[in-house]
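Based on the sequences and whatever the hints tell you, model everything.
Given next are the chains, with one letter for each unit.
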Amino acid sequence: MSITLRLAWRNLWRHPRRTWLTMGAMVFSNVLLVFMITLQIGMYGLMIENTLKVLTGHMQVQAKGYKDDMKMRQVVPDIRALSAKLRDALGLETVSARASAFALASSEERSFGIQVLGVEPRYEPLVSSLPGLVKAGRFLADIDAAEIVVGSVLARNLRIRVGDEITLLGSGRDGSFAAAIATVAGIFESGVTELDRSIAQVPLVFFQDVFFMDGAGHQIVLTATDLALVGAQQAAVAELLPDGDGLTVYDWDALQPGLRQAIQADISSAFFMYAILVILVAFSVLNTQLMSVLERTREFGIVMALGVSPGRLGRLVMLETGLMGLLGLLAGASLGALFTYYFTVNGFSYPGMDEMAKAFNLPAEFYPRVTLLTLTLGPLAVFVFALLSAVYPALRLHWLHPVEAMRAA
Amino acid sequence: MIGAARIVATLAWRNLWRNHRRTLIMLAATTIAVWAMIFMTALMRGMVNDMVRDGVESLPGHVQVHHPAFRDDPSIGNTIPISDADIIAAFEAGGFAAWSSRINVPAMITSERETRGVTLFGIDPALDRNLTFVADGIVDGRFLVDADDKGLLVGRKLVETLETALGKRVVLMSQDPDNEIVDRGFRIVGVFEANLESQEETMVFAGKATVRNLLGVGDRVTEIAILGDDYRDVEPVYRKVVDLLDAESGAGDVEILRWTELNTYLGTMLKVMDGFVLIWTVVIFLALSFGLVNTLVMAVFERVREIGLMLALGMRPISVMSQVVLESLMLLAIGLALGTAIAWATIVPLEDGIDLSIVAEGMEFFGAATVLYPELTVFDVALANIVVLTLGFFASLSPAWRASRYEPMEAITKL
Amino acid sequence: MRQSLLILALVALPMTSAAGATEAKEIVRAAINHWRGLSSYSEMTMTIHRPDWERSMSMRAWTEGDDRSLVRITAPARDRGNGTLMDGNRMWTFSPKVNRVIKVPSSMMNQSWMGSDFSNKDVSRADDIIDQYEHTLISEKESDGHIVYEIESVPLEDAAVVWGKEMLTIRDDFVVLEHRFYDQDGLLVKALKSLDIGEMGGRVIAARQRMAKVETEDEWTEIRVDTVEYDIELADNLFTLSNLRNPRN
Chain A
194 MSITLRLAWR NLWRHPRRTW LTMGAMVFSN VLLVFMITLQ IGMYGLMIEN TLKVLTGHMQ
254 VQAKGYKDDM KMRQVVPDIR ALSAKLRDAL GLETVSARAS AFALASSEER SFGIQVLGVE
314 PRYEPLVSSL PGLVKAGRFL ADIDAAEIVV GSVLARNLRI RVGDEITLLG SGRDGSFAAA
374 IATVAGIFES GVTELDRSIA QVPLVFFQDV FFMDGAGHQI VLTATDLALV GAQQAAVAEL
434 LPDGDGLTVY DWDALQPGLR QAIQADISSA FFMYAILVIL VAFSVLNTQL MSVLERTREF
494 GIVMALGVSP GRLGRLVMLE TGLMGLLGLL AGASLGALFT YYFTVNGFSY PGMDEMAKAF
554 NLPAEFYPRV TLLTLTLGPL AVFVFALLSA VYPALRLHWL HPVEAMRAA
Chain B
252 MIGAARIVAT LAWRNLWRNH RRTLIMLAAT TIAVWAMIFM TALMRGMVND MVRDGVESLP
312 GHVQVHHPAF RDDPSIGNTI PISDADIIAA FEAGGFAAWS SRINVPAMIT SERETRGVTL
372 FGIDPALDRN LTFVADGIVD GRFLVDADDK GLLVGRKLVE TLETALGKRV VLMSQDPDNE
432 IVDRGFRIVG VFEANLESQE ETMVFAGKAT VRNLLGVGDR VTEIAILGDD YRDVEPVYRK
492 VVDLLDAESG AGDVEILRWT ELNTYLGTML KVMDGFVLIW TVVIFLALSF GLVNTLVMAV
552 FERVREIGLM LALGMRPISV MSQVVLESLM LLAIGLALGT AIAWATIVPL EDGIDLSIVA
612 EGMEFFGAAT VLYPELTVFD VALANIVVLT LGFFASLSPA WRASRYEPME AITKL
Chain C
933 MRQSLLILAL VALPMTSAAG ATEAKEIVRA AINHWRGLSS YSEMTMTIHR PDWERSMSMR
993 AWTEGDDRSL VRITAPARDR GNGTLMDGNR MWTFSPKVNR VIKVPSSMMN QSWMGSDFSN
1053 KDVSRADDII DQYEHTLISE KESDGHIVYE IESVPLEDAA VVWGKEMLTI RDDFVVLEHR
1113 FYDQDGLLVK ALKSLDIGEM GGRVIAARQR MAKVETEDEW TEIRVDTVEY DIELADNLFT
1173 LSNLRNPRN
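From first to last, the protein sequence lines are chains A, B and C. Position one of the first sequence corresponds to residue 194 (the numbering used here), numbered consecutively onward. Position one of the second sequence corresponds to residue 252 (the numbering used here), numbered consecutively onward. Position one of the third sequence corresponds to residue 933 (the numbering used here), numbered consecutively onward.
Any given hint might turn out to be false.
Claimed, not checked - Once the Cα atoms are required to be at most 30 Å apart in a straight line, the calculated DSS-like pairs of lysine-lysine come out as:
#1 C:Lys1145 with A:Lys264
#2 B:Lys408 with C:Lys1125
#3 B:Lys419 with A:Lys264
#4 C:Lys1029 with C:Lys1073
#5 A:Lys246 with B:Lys522
#6 A:Lys246 with A:Lys278
#7 B:Lys401 with C:Lys1029
#8 B:Lys408 with A:Lys264
#9 B:Lys408 with C:Lys1145
#10 C:Lys1029 with B:Lys419
#11 B:Lys408 with A:Lys260
#12 B:Lys419 with C:Lys1145
#13 C:Lys1145 with A:Lys257
#14 C:Lys1145 with A:Lys260
#15 C:Lys1125 with B:Lys491
#16 C:Lys1073 with C:Lys1125
#17 C:Lys1035 with A:Lys264
#18 A:Lys264 with C:Lys1073
#19 A:Lys278 with A:Lys260
#20 C:Lys1145 with C:Lys1125
If you are wondering where the hints come from, they were derived from the structure by calculation, not from laboratory data. Keep in mind the model is a prediction, meaning the values are calculated, not measured.
Next comes the structure, spelled out in structure tokens:
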């Protein structure tokens, strides 16, 4: 241990109460920051995952322009083969082909315009949460069965139950008259009225027969192994697409532009709160270190008269701050991790969270997971700002005149 | 007694400025903390207000009445089973801030080039003027004149999508109660802007009588919307609506809902927000309190000898304690005054709105508009002040208590 | 919009003559009467052309009275038996595949009819072609030994018509040569042109007509009349839902 370090350490404990209090401010802020950032980042992740999990997926292969125009003729040819090829090449099960059409769904008595999705019963549950939300009956099974799964509000409006028949009427890919009867296999309830009222799913091959798709579909939905890997896997998918079919692969941000912006808007307000916390800690440190320098004016005057440079003394002050900051960081991060871990085990919730959560596709109870990033981000910021706030007291030493300083009271 | 108090106060004030650097730093921290409390709260309040204003008060109202099946199946077949004449007679006497009985049904709107699905509102402009955002949102043309107005109000976005314009005709098509198709040409007499893009894209407004003729529904409406005085206090309005409708025959066959039930997300948001404001204020204070206590501890420490002297000369410990607490409260009071003043000075220029259009789609995701109007309320300012002074008082007690407990002789001789 | 009845002869027109009708209105009325007769039976081929594909459908159509008509697809095989019944504003559709009659709701009325450049609304609605417009005779010209009338038809204020105006070019033997649709800025949006004129069913009529948008000339729908009979006796139950469901002819 160098002498400066030992000196700094000893100086720190000249006024133990003061040091404890300053460190207390750091620890308090650090615990809060660790907890809040962990919660926040975890929630964003879930919000993205859960929003995308409904229908969008992480990526989609589509004909260029389909995203905006949604025309029946903007197809991905031979879609099941391509989706199987992607599944193989990427070693990824979470790849599912879909076709989509606007159709009129009728029961004996009533008719409503809806969006019909042709899906692969085997793979759809891997990319979408809707199959898991089937509350009555079951999800689709055979890829060519004349079955349909509808939303709960649509079922109510059509006055149908599982086992009843629905007539679908629409236009085929070439504009010809498309019609089919499908038996209701299941009814899903997502809680989002818009979805529950206007979406129905049928097996892909059945869809292709009814709408004369000639083996084509409209989207291949992919879920990457991890949201962070979307970029890399998107490039891999793009490589695998056949040339000349005008196909392209969009990532979730292109498919759902509101999502990232919502997060950005939320981050900026959270950032404001964090910044205030960090600034208050910085003021605390500034106050402490300035006092500690001023108290020692005489002492500093003497050592400077003995030939110690102001720079060295400045470094001493910085080192003291650094030590204090480091203690605050370690204690804060550990306590923060412990505090957050409690919720990792027991789940975090607040009154009203279930309602808020529903609006953003979040679960009513949240289990935050501490990661290295969420653990260190806040405490490091506090540490850096603590050091920065000690710069002024340290620099003051340069303006110190040894003789005057020694005379100071 | 008063004299003693004055002395204590004078001493506290002088002590405060003995070490002006320390006081100024602490003052700066307090000011920033108070500013942050009030500013952040004003932003959050502004956002919730905007959401309620745009999502509730700008059309749906605080309380809504429908046919029980209407929310699942919003078709003209599900009208309220009371004649509009009776509704008007009953509600006119209700003394509500604003109310309206209207028709809203899904319809298709067609221009020369495009077709879109919309909700067609048949409104009585006299009733809806103060209830819908449309009256104030007209940027081109005019608002409807009366219920017989043959004109149509269309959102700016929809006008663009349809490639049409003010003064041009569009065709609206819907179904009558027997599911027969009905349609009619409408001339666009007004173009409106709304805070939420979805409102501009999916809503069109026409005269109630004109829409009734089109749909062939006679003296019926699909929705009654009622606005009270305060969105936080809907219960009186709700009770009154229930009473009014109970008096009408067939009232059992309607669904009466508060906005918090219609829009559970916003309702919860409002509740959560009040809790959040308090938590935020307390958290910020706690972060500040470490510095405050630290300052007091140092101040007391520096003055051990003189405190000992004062005690030796017969000053009562309670006076010493008051002196320290008062010093702390003075510091906080100045910080509060400054912080509040700065908060006010930073919020007032922003009251015309903060433009958030770079994250427009994101704000829409939250159901908020792209322009945020911060709201400074007396309540929130008072909350911040009371929290800081109260908690400040308790935080100062420990150092003050220590100061008053010094052994005079020991203290005097302490170096 | 209103072109459909002219070409497809799906709907009958009001035969009563309004007092004080203008000459232009009389010409339009006469042209439509000429095209439709009191009742009619026709066999037609509809060709839908797109840059990347083309398909044809054969159909039979019956019309009678004010606004009743029935269309049944005969080819290709996969569309065979599909039928559309129209009675005034109402439209029903039947598909042998689902063996069910479905009433077309308003939300589907602007969708394309059988994939063509005509919407369901186009083919189902006709009762307003004369009365919902103000007709003006713009010019009379000599051409190929015929007088050709140019008539401007402007929809009335609350007519369910999106066009700013429509221009009809009608020959003195009441054959419609061209029907043009203008937007409300006076820009031509689409036009229905008679490509072949010939004698069929005892009348000179437009035997082949093509509808195309000005902006997309390579996307069009053509209707060719293969045979037509006018003023024939039709069975009483022809325009009923049960007949739509159980084709006896």
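Next item on the list: With a cut-off of 30 Å on the C-alpha distance, tell me whether Lys419 (chain B) and Lys1145 (chain C) pass.
Entry: Status holds; Cα separation ~21 Å.
Checklist line | Pairwise hint evaluation, Lys278 (chain A) against Lys246 (chain A), where the allowed Cα distance is 30 Å at most | finding: Holds, because 22 Å separates the two Cα atoms, which is no more than 30 Å.
Note to self: Can you confirm whether the C-alpha distance between Lys1035 (chain C) and Lys264 (chain A) stays at or below 30 Å?
What the structure shows: Within the cut-off at roughly 24 Å; holds.
Margin query: Tell me if the straight-line CA distance from Lys1073 (chain C) to Lys1125 (chain C) falls inside 30 Å.
Written below: holds (18 Å)
Next item on the list: Quickly compare the C-alpha distance for Lys1029 (chain C) and Lys1073 (chain C) to 30 Å and report which way the hint goes.
Entry: violated (51 Å)
Next item on the list: Verify the proposed pairing of Lys264 (chain A) with Lys1073 (chain C), using a straight-line Cα cut of 30 Å.
Entry: Between Lys264 (chain A) and Lys1073 (chain C) the Cα gap is close to 44 Å, so the pair fails against 30 Å, i.e. violated.
Note to self: What's the verdict on Lys1145 (chain C) and Lys264 (chain A), does the C-alpha distance respect the 30 Å limit or exceed it?
What the structure shows: holds (18 Å)
Next item on the list: Sort out whether Lys1029 (chain C) lies within 30 Å of Lys401 (chain B), counting only the CA atoms.
Entry: Cα-Cα ~44 Å, so violated.
Margin query: Lys419 (chain B) and Lys264 (chain A) were given as a pair; does the straight-line alpha-carbon distance stay at or below 30 Å?
Written below: Distance of about 28 Å is within 30 Å: holds.
Margin query: Between the alpha carbons of Lys246 (chain A) and Lys522 (chain B), is the straight-line distance 30 Å or under?
Written below: Within the cut-off at roughly 29 Å; holds.
Note to self: Lys408 (chain B) and Lys1125 (chain C) were given as a pair; does the straight-line alpha-carbon distance stay at or below 30 Å?
What the structure shows: Violated, at roughly 35 Å.
Next item on the list: Would you mind confirming whether the straight-line C-alpha gap from Lys1145 (chain C) to Lys1125 (chain C) stays at or under 30 Å?
Entry: holds (11 Å)
In summary, the numbered hints that this structure violates are 2, 4, 7, 10, 15, 18.
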